[in-house]
Amino acid sequence: GQQVMQIPQYQHVQEGEDFTTYCNSSTTLSNIQWYKQRPGGHPVFLIQLVKSGEVKKQKRLTFQFGEAKKNSSLHITATQTTDVGTYFCAGRTLQGGSEKLVFGKGTKLTVNP
Amino acid sequence: EAQVTQNPRYLITVTGKKLTVTCSQNMNHEYMSWYRQDPGLGLRQIYYSMNVEVTDKGDVPEGYKVSRKEKRNFPLILESPSPNQTSLYFCASSPDRRSNQPQHFGDGTRLSIL
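Going down the list, the sequences are from chains B and F. If you count the first sequence from 1, you need to add 578 to reach my numbering. If you count the second sequence from 1, you need to add 1090 to reach my numbering.
Do not rely on the hints blindly, as some may be mistaken.
What the hints assert, rightly or not - Within a straight-line C-alpha distance of at most 25 angstroms, the following computed BS3-like cross-link-like pairs (lysine-lysine) qualify:
#1 F:Lys1159 to F:Lys1108
#2 F:Lys1147 to F:Lys1159
#3 B:Lys614 to B:Lys678
#4 B:Lys637 to B:Lys614
#5 F:Lys1161 to F:Lys1147
#6 B:Lys678 to F:Lys1159
#7 F:Lys1108 to B:Lys678
#8 F:Lys1147 to B:Lys686
#9 F:Lys1108 to F:Lys1161
#10 B:Lys678 to B:Lys637
#11 F:Lys1155 to B:Lys678
#12 F:Lys1155 to F:Lys1108
None of these hints come from the bench; they were simulated from the model.
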C-alpha cells in the first residue's frame, strides 16, 4: 500500500545545532500533517500543509511542502532540550476511492545539553 | 476540556483472555480511529470509523474488532489476545472525514500480552 518514507530514523544533536527531518511519498499527497510525540506522551498535531511549495513557520520550526506535493520537511533552528521527541509526518492520499492518512515511521530527536 | 480518553492506560494480561480498551471523545467528532505503535514501525492504523455504525479496516486489522454504537465511544476489542499484540495503542478522533482535519490523540494504552 501507500507508504510515506521518513528519514532519518534517529538524530542526535548538540543543543543549538539545527535539525531536519524529511518525508517522501511515491504518490501525490492531498496534504501533509506534522505531529510531535514527547517521550512517554501521545502525538500532538503541529501543522498542516496543503498547497504546492507551501512554507510555514512556527517560531524556530520551518515546515515545507514540495512543489510536486510528494515530499515535505521539518527544520528546527537552534535546537533546545524542549525539542526532544519523535516527529511524525502524515500524508493524506487517495486509496481505493477513499482518503487515507498514512504516517511516516517518525524521526526520534535527542538533544544533548 | 476537549479530550480523547482511553482506558486502561496499562494492562498486563495473558494469551487468550478477551480484553477491551475503551476510547471516548467529548468533542462531537465524527471520525475515530485506532493505531498501534511499535518501535521502528511508527503508527499503524488498525480500524477507523467515519460515523456511528460505520467502521472499516485499517492497515493491520487482524486480531482486532471495533464497534461504534455511539458517536463518542469507539472501543477496541481483542477477542483472543496473543503476544504479538503487545504494543502501545492510541485512539484518535477528528471532526469529520474531510482531509484538512488534524487528529486528536488519547494518552495511549500500553498492553502486554504474556
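Run the structure past the numbered hints and jot down the numbers of the failing ones, going up. 7, 8, 10
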